[in-house]
Structures are given as C-alpha cells and as structure tokens.
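Going down the list, the sequences are from chains D and C. Sequential numbering from 3 applies to the first sequence in the working numbering. Sequential numbering from 14 applies to the second sequence in the working numbering.
Derived by calculation from the structure, the hints in this document are not laboratory data. Some clues are possibly wrong.
[Said to hold, decoys possible] Label pairs and their calculated CB-CB ranges:
| # | chain 1 | residue 1 | chain 2 | residue 2 | range |
| --- | --- | --- | --- | --- | --- |
| 1 | C | G68 | D | E9 | 45 to 55 Å |
| 2 | C | H139 | D | E8 | 30 to 40 Å |
| 3 | D | A35 | C | G106 | 29 to 39 Å |
[As the list claims (entries may be wrong)] Computed list of lysine to aspartate or glutamate pairs in EDC-like fashion (alpha-carbon distance at most 16 Å, straight line):
| # | chain 1 | residue 1 | chain 2 | residue 2 |
| --- | --- | --- | --- | --- |
| 4 | D | K65 | C | D49 |
| 5 | C | K98 | D | E9 |
| 6 | C | K98 | D | D89 |
| 7 | D | K65 | D | E8 |
Each residue gets a CB set at the ideal place from its N, CA and C atoms; glycine is no exception.
What follows is the residue order along each chain.
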Amino acid sequence: MTVAHEEPNYMGVFWWLLVLTILEICVIYAPMAHLAIVLLLIVMALTKASLVAMFYMHLALEKRTLGIIALTPLVLCVFLIFALTPDLGAVIHQSPKAEAAAEGVHGEH
Amino acid sequence: MSQAAVLEHPGVEPAESPLTPESWGKLGMWIFLAGDAMSFGALLAGYGALRYSSGDWPTPSHVLGIQLTAFMTFLLICSSVTMVKGLSAIQHGDQAGLRRFVGLTILGGVAFLSMQAYEWTHLIEHGMRLSGNPFGASLFSTTFFCLTGFHGCHVFGGVVYLSCILVQALRGRYSVTDNNPVEIAALYWHFVDLVWILVFTFVYLV
Chain D
3 MTVAHEEPNY MGVFWWLLVL TILEICVIYA PMAHLAIVLL LIVMALTKAS
53 LVAMFYMHLA LEKRTLGIIA LTPLVLCVFL IFALTPDLGA VIHQSPKAEA
103 AAEGVHGEH
Chain C
14 MSQAAVLEHP GVEPAESPLT PESWGKLGMW IFLAGDAMSF GALLAGYGAL
64 RYSSGDWPTP SHVLGIQLTA FMTFLLICSS VTMVKGLSAI QHGDQAGLRR
114 FVGLTILGGV AFLSMQAYEW THLIEHGMRL SGNPFGASLF STTFFCLTGF
164 HGCHVFGGVV YLSCILVQAL RGRYSVTDNN PVEIAALYWH FVDLVWILVF
214 TFVYLV
C-alpha cells in the first residue's frame, strides 16, 4: 500500500536543474579567481543534488529520521576530507628542491 | 494475515515500518543508497586529495569533452523527470503512462551509456589509459576511469532494474494502491542522477 504525497512541481525542479547546469558551464569560462570558480561550482552542485534528493526522491516529504540517514554519508565524507588533510600538507610541502636536498643527504652516506 | 496468525508466529515482521510506512523495501533502499553514497564519497574525496597534492594535474575542461558530458548530464536530468512522471502516472492509475515514462527513462539510460562508451573510446584513442596519459599526472586518467566507470556500472544496473520494472508494468502488476516497487526503483535512479551531478562537477568542471 502506498501513502499518497502531495506532488511537488517536478517540471519546476527540472528547469532549475537545467539553469544551474548551464550556469555551471558558463562559470568555468568566467574571468574570475580559480578559488571563486571552484566555490561557485561546489555550491551549485550541492544545490542541484539537494533539489534531486528533496523533490525527486521526496525527502522533503519523508520523516526527518530518513533525512538523517541520507545525510550521514555527507557528514562522513567531510570527516574523511579532514582526515586526509594532514597527508595532503605533507605531500605539498615536499617540494622538488626539498626532495633533491634529501637525496643529496642520503647520497653522502 | 490476521492478528492471531501474527501472534502465533512471533518471527513474522510487523506490517509497518515507523520510518517508511509504505514498505520495508523503501527503507532498505534508502539504507543501501546511504552505503553506496559513502563509496562514491570516498572515491570523490580520494580524487580531490590526489589532485590537490599533484603538481601537474591537467585542467579537465581542456582534455575532456565538456559539451558532450553537459549533454549527458541533461539526458540524466530528463530521465529523472520521466521517472517521477512514471511514478506519478501509476499513482493516478495511468498504466499506459507508467509504461511510456519508464520506457523513456530506460532509453535515457541507454543513450547515456552509449555516449559514455563513445567518450571512453575517443579518450583511449588519444592515449588515455588506466595507468597513464599524455596530458599530465598519470593518476588523472586512473581516477577518471575509476569514477566514471563506477558510475557507469550503476547506470547499467539501473537500466536492468528499470527493464524488470517495465516487464512487470507490461503484465499489469502495478496499480494505484500497489506501486511501491516503482517508487523504490525510482529512488535508485534518482540517486544515480544525483551522483552524476557531483561527478560532472568535480571531475569535468572544477
């Protein structure tokens, strides 16, 4: 037995998704700082993903606990990114000059 | 099943789930999708980490075909719309509408896979390999093929899943009061669309 939901405006969501996709493509060619472009792209992608989840997957009409289940992967991903950050710093600070110097030190022994 | 029968067999599950009163299957699909989202999340986080720590990562929009993938994104968005329209049709008792819209959704998925096969063939002809590429960091092509390939497998799975739903729809299996399997399949398909939105942004545009 299926519980009837009030139907969202599916075509309205489609037009928003389309406009955001076109904007995303325009943004990558915009004369802006790379960081600003990346931030804009992330905001637009998350907005589009939220639109799909909320209205096409009907998360907006479901119980809050189901929303928590759906959000769990996002929270864990943020934790994963923080967990990876120290390793990223280690790789980035290992410049070619530093590597050459390290090789020189090892070569002397 | 009567209340007495349930009491006689304590192993029988209760008829309703508190989270998804429609069915246990819907809750099961949400839990599966949460697990699957973690797989994609880990792949995307790994992609970001490798890219950020690489000095010679190529600019994706200079190497990959943005126009083609933008059209593929448009196709998947359209297929999400046809999927919700199909679900809406059967919720209003429109059997023909369900068959038409699920059929269109499958077509959208097949078209997406065909374009991905074309894109991969084109890139492989230009030297992109799982182990390296002529454009810069070797992990650029490794991560590209892993991420888009993993997503492509999901699209293929979705096409097979929806084909099974279509066969059942052709047999008149679903009705206004019994259409939960369509809603569960729709959840999977929208998830595939949602993930592509993120893959398109992070792998092709950023």
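Hints and how they fare:
1. G68 (chain C) and E9 (chain D) have their C-beta atoms about 51 Å apart, which keeps the hinted 45 to 55 Å range intact.
2. Checked against the hint of 30 to 40 Å, the C-beta distance between H139 (chain C) and E8 (chain D) comes to roughly 50 Å, which is inconsistent with it.
3. Checked against the hint of 29 to 39 Å, the C-beta distance between A35 (chain D) and G106 (chain C) comes to roughly 54 Å, which is inconsistent with it.
4. Between K65 (chain D) and D49 (chain C), the direct Cα distance comes to roughly 21 Å. Violation of the 16 Å bound is thereby established for this hinted pair.
5. Pair hint K98 (chain C) plus E9 (chain D) holds up; C-alpha atoms about 10 Å apart against a cutoff of 16 Å.
6. Pair hint K98 (chain C) plus D89 (chain D) does not hold up; C-alpha atoms about 46 Å apart against a cutoff of 16 Å.
7. With a C-alpha separation of about 14 Å, the suggested pair K65 (chain D) and E8 (chain D) falls inside the 16 Å cut-off, and the hint holds.
In this structure, the hints that do not hold are numbers 2, 3, 4 and 6, in rising order.
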